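Engineer: For reference, the chains in residue letters:
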Amino acid sequence: MTTKQPLSHLDWLEAEAIHILREVAGQCANPVLLFSGGKDSLCILRLAEKAFRPGRFPFPLLHIDTGHNYQEVVQFRDQRAAELGERLIVRSVEDSMQRGTVVLKTPDEPRNKHQSVTLLEAIEEFGFDCCIGGARRDEEKARAKERIMSFRDEFGQWDPKNQRPELWNLYNARVHKGENIRAFPISNWTEMDVWQYIERENLALPSIYFAHQRDIVMRHGSIFPVNVPLANGDLINQPKAGEEVINMQVRFRTVGDITCTAPVISDAADVSKIVLETATTTITERGATRLDDQTSDASMEQRKKEGYF
Amino acid sequence: MATQHNDSLLRFMTCGSVDDGKSTLIGRLLYDTKTILADTLNNIARTSQKRGMEAVDLSLLTDGLQAEREQGITIDVAYRYFSTGTRKYIIADAPGHEQYTRNMVTAASTANLAIILIDARKGVLTQTRRHSYLAHLVGIPHIVVAVNKMDLVNYDQAVYEKIKADYIAFATEIGLAQAREIKFMPMSALNGDMLVDRLDNMPWYQGETLIDILEAAPAAHSEQSEAFRFPVQFVCRPHDSANPDLHDFRGFMGRVEAGEISVGDAVTVLPNGYQSKVKAIQLGAEQLQSAQTEQSVTLLLEDEIDTSRGDMIVKTSEAPEAVKQIEAHVCWLSETPLSPARTYIVRHTTRESKAKIGSIQYKVDVNTLEHLASADLKMNDIARVTFKLAQPLMVDSYDKNRATGAFIVIDESSNNTVGAGMIV
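Protein chains in written order, with the working numbering: chain H, 1 to 309; chain B, 310 to 733.
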C-alpha cells in the first residue's frame with residue numbers, strides 16, 4: 001500500500017493548484033475566477049472541476065473584454081462556460097470608455113492595460129474579495145516575486161516591497177472591506193507545464209493556438225496580424241501605407257488583445273507538436289509576442305502596481 | 310528530453326551571505342540547463358554592457374523589481390524554475406541581505422534541500438552559522454555546503470578541505486551534523502565548475518556535481534512514513550443538483566498533508582471524535598483506491614458525520630492530540646513587534662484560533678545561538694514562545710511533521726502574516 005513513489009511533477013502541480021483553489025473557496029466570501037478563454041485560464045477551469053465537482057464552482061467566471069479579442073476566443077469562452085454550466089460575467093473596457101473612466105490617448109491604442117480599470121469597477125460592482133487568475137511566475141520577472149495569495153489595497157494596487165510573507169502552504173487571504181486578494185493557483189507552473197497538462201488532460205483550446213494561415217505584416221521586427229475581423233464585422237489592425245501583407249502559417253503562444261499580441265511562425269497543428277516546439281524554442285513566451293511588455297524593463301511591474309493582473 | 314511527463318519535483322533554496330555568489334549560482338544553473346532563452350540573455354547582456362561589465366552578468370537574471378535593479382540588491386523571496394528532463398525544480402531565491410531571517414525562514418518553509426554557499430576566500434562566517442542554524446530549525450531535510458569561488462583560491466584542495474573540516478566542527482556543535490547528512494562540494498559558480506559541468510580545474514574532486522546531487526535528492530515525503538493527516542478544506546454538498554445520486558453526496562475536500570489513506574480505512578474526525586470508514590476517494594472524476602501525501606482529493610465516509618472546514622480526518626489508530634496550548638519556535642516577520650498584551654490569530658492547517666501569548670521563554674541570538682530574555686519580539690527575532698488558544702488545534706511536533714507542526718500568526722487589525730511558528 002505504501003507506494004513512496006513521489007508524485008510526478010504534473011500531479012504535484014495539479015494537487016497544489018487544487019489546494020489553492022479550495023483555500024480561496026474556504027477563506028473568501030465572494031471570490032471570482034478570471035476567465036479569458038486562453039490556455040492558462042482553461043487549465044484553471046479543469047483544476048476547478050477537479051477541486052469542486054460534483055458540486056458547482058463556488059465562484060462565477062469573469063471576463064474583462066477589451067473589445068479587441070479574437071472572435072474565435074470569445075466564442076470559445078462562451079461555449080466553455082455553457083458546457084460547464086457555470087455563470088459567466090462579462091464586463092467590457094468599451095463600457096468603461098463610455099462611462100469616461102477609460103480615456104484612450106489614440107483610438108487604436110492597445111487596451112490591455114485599461115483592463116485594470118474595468119476589472120476594478122467589476123470588483124466594486126460585485127464586491128469580490130478575491131480574483132483567481134492564471135498568471136505564472138515564469139512569465140515575467142516581476143511575477144516571479146508575487147505571492148500565490150497576493151494582497152491588493154482598495155485601489156487594486158500591488159506593493160512589491162510590502163507583500164505578506166507566505167510560508168509552508170498556509171495561505172492568508174484575509175482582507176478588509178474594499179481590499180482584495182489576487183490568487184494564482186498556477187504560479188509555480190511554466191509554459192511547458194501548461195502545455196503538458198493540456199496534453200495530458202486533453203483540453204480543448206481556441207483554434208488560434210494551433211498553426212493556421214493568417215495575414216500579417218512585419219512591424220518593429222515582430223509579426224503583426226492585420227485585417228482581423230471583430231465580432232461587429234469591423235476589421236482591426238489595418239496595415240499601414242507601405243507595409244506588405246503576407247499570408248503566413250502562424251500560431252499564438254499567448255492570447256490577448258489583438259492590437260498587442262503577436263503570433264509566431266509555426267507548423268504545430270496539435271498539442272503534442274506544440275509541446276515539442278515549446279521544448280526547443282529560444283524565445284520566451286512574452287519575448288516575441290507581447291508588444292506591451294516591451295515598452296520598458298519594468299512595464300509589467302508598473303501595470304501590476306496599478307491593479308493589473 | 311524536456312517533454313517527458315513523469316518527472317518528479319524538487320524544491321530547494323540557496324543561502325549564503327551577500328557576496329557569496331548566490332545570484333550567480335542561480336543564473337549559472339538556469340543558463341547551463343538551457344532555461345534562459347535568447348531574448349532574456351540579450352536583455353541581460355545589454356544591461357551588463359550598460360553597467361560597464363565585460364562579460365554577461367548572470368546574476369542580473371534574478372533581479373526582478375525596479376528598485377532591485379536601481380539599487381543592485383535583492384529585496385524579497387522570488388521563485389524560479391528549471392527542468393532537466395528528469396526533474397522539475399522550484400528554487401526559492403531568498404536575498405542574503407537585510408531582513409535575512411524572515412526571508413530565509415519563508416524560503417526554507419517549502420524547501421526540501423538547501424544549498425549553503427561559502428566563499429572559499431572567507432570560510433565559515435557568521436552568516437554561514439546563522440543560515441545553517443535556520444536551515445536546521447526549519448527542518449530542511451537535505452543540506453549541501455558549496456564552497457564557491459574556488460577560482461579565486463587557485464582551485465586549491467587544501468582550502469576546500471579546511472573549510473569542510475571547520476564546517477563539520479560547527480555543524481556538530483549545533484546538532485545539524487547529527488540530524489542530517491551534509492554533502493560538501495567545491496565550485497565556481499562564475500565559471501561553471503561543478504554545477505552542471507565538471508570542467509577540468511579540480512581533478513582532485515571526484516564527488517558529485519551540484520546537478521547530480523539535485524537529481525538524486527529524494528522528493529519530500531518519499532522518505533519517512535508519517536501518520537495520516539487530512540485537514541478538511543471544503544465540504545462539497547451539491548444537494549440542489551437534479552441528479553438524485555448526488556442528493557446525499559457529502560465529500561470532504563482537502564490535501565493529504567501526511568501519510569496515506571486507502572478505501573476501507575477506519576478514520577476519526579477531530580475534534581469531535583466521530584468515527585467512520587473511508588467509502589471512496591476521488592480526484593476529480595477519477596476513483597482512487599488510496600491517496601498519498603500531497604495529493605488533493607475528496608474523501609467520502611460511510612457514515613453521515615457533521616464535519617466542516619477546519620476539522621481534521623485522521624486514522625483512528627494514530628490520532629494526534631487536540632491541544633489548547635502550544636509551545637513553538639517563532640520567527641517574527643513583521644515590522645510591528647509582537648506584543649504579549651495583544652490577541653492574535655493562529656492559522657494551523659485549515660483551522661484558525663484566537664491566541665494569546667503565554668510567555669516568551671527566550672530569544673535566540675542567531676549569531677551566537679545564545680538564549681536571551683526578552684519582553685517582546687522584533688522583526689527577524691527567533692524565540693521560544695507559548696500560546697494559549699481559544700480553539701483546540703490538532704497538532705504534531707514540527708520535527709515529526711512539517712505540515713501539522715507549522716502555523717502562521719496573523720495580526721487581526723492589519724490582516725498581515727506577522728509570525729511563523731514551529732511547534733516543539
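The set of hints was computed from the structure by calculation and includes no laboratory data.
Treat each hint with caution, since some may be false.
Taking CB as the label site, the calculated pair distances span [stated by the list, open to error]:
1) H:R99 to B:K633: 30 to 40 Å
2) B:E721 to H:E83: 40 to 50 Å
3) H:G178 to B:N510: 55 to 65 Å
4) B:T481 to H:D270: 16 to 26 Å
5) H:A269 to B:E517: 41 to 51 Å
6) H:A269 to B:D348: 46 to 56 Å
7) H:G67 to B:G582: 49 to 59 Å
8) H:E83 to B:S706: 46 to 56 Å
9) B:R507 to H:E243: 43 to 53 Å
10) H:P239 to B:T356: 28 to 38 Å
Here's a subset of chain H near chain B, in silico, CB distances under 8 Å, partners left out [stated by the list, open to error]:
11) K177
12) G178
13) M192
Keeping only pairs whose Cα atoms sit at most 16 Å apart, straight-line, the calculated EDC-like set for lysine to aspartate or glutamate is [unchecked claim]:
14) B:K492 to B:E517
15) H:K240 to H:E121
16) H:K161 to B:E490
17) B:K586 to B:E627
18) B:K492 to B:D509
19) B:K624 to B:D685
20) H:K177 to B:E636
21) B:K624 to B:E535
22) B:K343 to H:D108
Please read these numbers as outputs of a predicted model, since none were measured by experiment.
Ideal Cβ positions, reconstructed from N, Cα and C, are used throughout, including at glycine.
Engineer: The structure should be examined with respect to each hint, and the outcome stated for every one.
Structural biologist: Against the structure, the hints come out as follows:
1. Here the CB-CB span from R99 (chain H) to K633 (chain B) is close to 53 Å, at odds with the stated 30 to 40 Å.
2. Distance hint check for E721 (chain B) and E83 (chain H): the Cβ-Cβ separation is about 42 Å, which falls inside the suggested range of 40 to 50 Å.
3. At about 59 Å, the beta-carbon gap between G178 (chain H) and N510 (chain B) stays in the expected band of 55 to 65 Å.
4. Checked against the hint of 16 to 26 Å, the pair T481 (chain B) and D270 (chain H) fails, with Cβ atoms roughly 58 Å apart.
5. For the pair A269 (chain H) and E517 (chain B), the beta carbons lie near 43 Å from each other, so the given range of 41 to 51 Å is met.
6. Between A269 (chain H) and D348 (chain B) the Cβ separation comes to about 25 Å, which falls outside the hinted range of 46 to 56 Å.
7. The hinted window of 49 to 59 Å between G67 (chain H) and G582 (chain B) holds, with their beta carbons roughly 58 Å apart.
8. With their beta carbons about 48 Å apart, E83 (chain H) and S706 (chain B) fall inside the hinted range of 46 to 56 Å.
9. With their beta carbons about 52 Å apart, R507 (chain B) and E243 (chain H) fall inside the hinted range of 43 to 53 Å.
10. Separation of P239 (chain H) from T356 (chain B) is about 34 Å and conforms to the stated range, judged on CB atoms against 28 to 38 Å.
11. With its C-beta approaching chain B no nearer than about 11 Å, K177 (chain H) sits outside the 8 Å limit, and its interface hint is violated.
12. The restraint placing G178 (chain H) at the interface with chain B is violated, with a minimum CB-CB distance near 12 Å, outside the 8 Å limit.
13. Taking 8 Å as the C-beta contact cut-off toward chain B, the hint placing M192 (chain H) at the interface holds, the least distance being around 7 Å.
14. The straight-line distance between the Cα atoms of K492 (chain B) and E517 (chain B) is roughly 9 Å, inside the 16 Å bound, and the hint therefore holds.
15. Taking the CA atoms of K240 (chain H) and E121 (chain H), the gap is about 35 Å. The hint is violated against a cut of 16 Å.
16. For the suggested pair K161 (chain H) and E490 (chain B), the alpha carbons sit about 36 Å apart, so the restraint of at most 16 Å is broken.
17. With a C-alpha separation of about 14 Å, the suggested pair K586 (chain B) and E627 (chain B) falls inside the 16 Å cut-off, and the hint holds.
18. Note on K492 (chain B) and D509 (chain B): the hinted pairing is violated, with a Cα-Cα distance of about 21 Å set against a maximum of 16 Å.
19. Between K624 (chain B) and D685 (chain B) the alpha-carbon distance is near 39 Å, which puts this suggested pair outside the 16 Å criterion.
20. A hinted pair counts as satisfied when its Cα atoms are at most 16 Å apart, and K177 (chain H) with E636 (chain B) does not qualify at roughly 33 Å.
21. Straight-line distance between C-alpha atoms of K624 (chain B) and E535 (chain B) comes to about 11 Å, which keeps the hinted pair within the 16 Å bound.
22. Annotation: proposed proximity of K343 (chain B) to D108 (chain H) is violated, straight-line Cα distance about 38 Å (limit 16 Å).
Comparing the model with each earlier hint shows violations of hints 1, 4, 6, 11, 12, 15, 16, 18, 19, 20 and 22; every other hint is respected.
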